[in-house]
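I would like the entire structure built from these sequences, with the hints used as guidance.
The listed protein sequences derive, respectively, from chains D and E.
Heads up: the first sequence at position 36 corresponds to 36 in the working numbering, and the numbers run straight through without jumps.
Heads up: the second sequence at position 98 corresponds to 98 in the working numbering, and the numbers run straight through without jumps.
These are calculated hints, taken from the structure and not from any lab test.
Please note: incorrect hints may appear among the correct ones.
Calculated lysine-lysine pairs in the DSS-like style (CA-CA distance at most 30 angstroms, straight line) [as the list claims (entries may be wrong)]:
no.	chain 1	residue 1	chain 2	residue 2
1	E	Lys141	D	Lys95
2	E	Lys93	D	Lys95
3	E	Lys90	E	Lys141
4	E	Lys168	D	Lys95
5	E	Lys85	E	Lys28
6	E	Lys28	D	Lys95
7	E	Lys28	E	Lys93
8	E	Lys90	D	Lys95
9	E	Lys141	E	Lys85
Residue strings, one per chain:
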Amino acid sequence: MIKMEYYLVVSTILMFVGIYGFVTRRNLLAMLISVELILNSVDINFVVFNRFLFPEQLEGFFFTLFAIGVSAAETAVAIAIIINIYRNIRNIEVKNLREMKW
Amino acid sequence: MEITLELIVFIILALFICVSAILAATTKRILRAATYLLFVLFGTAGLYFQLNYSFLGAVQLLIYAGGITVLYVFSILLTSSEGDKAPELKSYKFIAGLVATLLSLGICLWVMLRHDFLPQHFEHGELNVRTIGHALMSADKYGYVLPFEVISVLLLACIVGGIMIARKR
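Here's what the structure looks like:
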C-alpha cells in the first residue's frame, strides 16, 4: 500500500508550483493557468483524505466533484473578462492594465 | 517497503505531474503552458483512477481536460499573436518569487511530514456509482441535493454572465 504522505507531497509541490507561476507570470491567461494548478492540488488533497482517513463517508469526494464544476464556471467567466480586456487594450499583459472602466 | 507495481505506477504519475506542472509554470510560450496544464490534468485523473475513484477520474477527464483546456486554447489563440513570448522578468522579482515559494514549500512539507494523521487504511474496491447517485440525490444527513441544485443555478448564472461580459457592444 502506498502511504498517504506520498500523495500529499505531490499535491504540495503542485500547489507551490502554481503559486510560483501566479507570482512570476505577467500574462492574465498564464496566471489563470497557475490558478488552475492550485485548484487541482487542493482537489487531490480532498480525495486523498477522503480515501485514506474516512473511506466510509464521501465528503471529500463530493467536495472535489463540486469544486471541478465551480472551477469550470470560474474559468468561463474569467476568460470572458480577459477577452473583453483584449478587445479594449489589444493585449492582456498585467502592466498595461491600469483602469477598471473605459 | 517492497517495490510493487502500484508503487511504480504512482512514481511515474507523480513525476509526470510534477515535471509538467513546473514546465507549465515556467515555459515562455503560453500555448505550451496550456498543453502542459493538460498533461497535469491527465496525471491527476490517473491518480484518481489509482485511488479507485473512477467516476471522479472520468469527470476530471471530461470537464477539465475536455472542456476547460479547449477553452484555454481558444482564448490563447484569440488573444496572443504568433511567436508571442513572455517578456523577461526583472531578476530580483524572479529571485524573490522563487525564494518565497521554496521557503513556504519547505515549511509546508516539514509540517505535513511531521504531523501524525489518523490511522490510515486503504482497501481496494470500486466506489459504486449507485452509492454516488443516491448520495447526490438524497436530502438526508449525508445527502447532497442542495449543493447539486445550487451548482446548477451557479452554472446558469455563469452562462448568462459570460455572454453578458463577452458580447460585442
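Now for the hints, and whether the structure bears them out:
1. E:Lys141 x D:Lys95: violated, 49 angstroms
2. E:Lys93 x D:Lys95: At roughly 14 angstroms apart (the allowed maximum being 30 angstroms), lysine 95 of chain D and lysine 93 of chain E satisfy the hint.
3. E:Lys90 x E:Lys141: violated, 54 angstroms
4. E:Lys168 x D:Lys95: Answer holds: lysine 168 of chain E to lysine 95 of chain D is near 25 angstroms, not above 30 angstroms.
5. E:Lys85 x E:Lys28: Holds, because 6 angstroms separates the two Cα atoms, which is no more than 30 angstroms.
6. E:Lys28 x D:Lys95: holds, 17 angstroms
7. E:Lys28 x E:Lys93: At roughly 16 angstroms apart (the allowed maximum being 30 angstroms), lysine 93 of chain E and lysine 28 of chain E satisfy the hint.
8. E:Lys90 x D:Lys95: holds, 13 angstroms
9. E:Lys141 x E:Lys85: Measuring from Cα to Cα gives roughly 52 angstroms; hence the hint is violated.
Hints 1, 3 and 9 from the list above are not met by this structure, while the remaining hints are.
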